[in-house]
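Asker: Whenever a hint applies, use it, and build me the whole structure from the sequences.
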Amino acid sequence: GDSVTQTEGLVTLTEGLPVMLNCTYQTIYSNPFLFWYVHYLNESPRLLLKSSTDNKRTEHQGFHATLHKSSSSFHLQKSSAQLSDSALYYCALSDRGQQGTGSKLSFGKGAKLTVSP
Amino acid sequence: NAGVIQTPRHKVTGKGQEATLWCEPISGHSAVFWYRQTIVQGLEFLTYFRNQAPIDDSGMPKERFSAQMPNQSHSTLKIQSTQPQDSAVYLCASSSWGQSNERLFFGHGTKLSVL
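Protein sequence lines, in the order shown, are assigned to chains A and B. If you want our numbering, it's the position in the first sequence, counting the first as 1, plus 64. If you want our numbering, it's the position in the second sequence, counting the first as 1, plus 35.
Read the hints as simulated data drawn from the structure, not as lab findings. Beta carbons are placed, not taken as given, at the ideal position from N, Cα and C, and that holds for glycine. Each hint should be verified, as a subset may be incorrect.
What the hints assert, rightly or not - Below, a list of computed lysine-lysine pairs in the BS3-like style, where the Cα atoms sit at most 25 Å apart: (1) Lys173(A) with Lys46(B); (2) Lys50(B) with Lys146(B); (3) Lys46(B) with Lys146(B); (4) Lys120(A) with Lys142(A); (5) Lys114(A) with Lys133(A); (6) Lys146(B) with Lys176(A); (7) Lys114(A) with Lys173(A); (8) Lys113(B) with Lys146(B); (9) Lys142(A) with Lys173(A); (10) Lys173(A) with Lys146(B); (11) Lys146(B) with Lys97(B); (12) Lys173(A) with Lys97(B).
What the hints assert, rightly or not - Covered by chain B, according to a simulated footprint, are these stretches of chain A (three or more residues, beta-carbon under 8 Å): (13) 108–115; (14) 169–180.
Answerer: Here's what the structure looks like:
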């Protein structure tokens, strides 16, 4: 079945350094949808980025990711970490479901990013 | 729009007791999802409904977990004979149609602690 492997566990960075969280996936579908969700403390998880277009960079809130179907990857990057980026980050893959019945997201195990001064 | 509402925010049960978790999706959303969040496993899919019909419950531990959606405004997740390993944050999410490229809107979750 579909699966996502991402940077997981604790990731600690100093403010101003670049952020790189890796995400690779496995799916039988040739047109997958990939997502990054972010979960800030005391808030609900929310969508950060999504893409289904091969080799096209997508950006939001200073973060960016590019879906590369050739390597089955969708890595999350940011040029300069901020204290406010401290949160849980999940990579997710949408299955295509059965025709007419919708689909669900399969999430990776998550990475807890802590940015310190 | 109040977003996805989950109640209670925290629930403490003794081992062997039953726990019922409630979710009110965003009005007009036809797809409702349940996930379990733990440090070790991350966000694990449990089950989802579309237009109140159960579509996929492949993530549900079959023996003690059950989910229902009796009407379009709420869904429940029931855990019978709770065990310490059931301790987790249970997240409900909804989306407009449940299509592949749609954004999920999550609630704040119910933190279940089984003593």
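Asker: Which hint numbers doesn't this structure obey?
Answerer: Structure breaks no hint.
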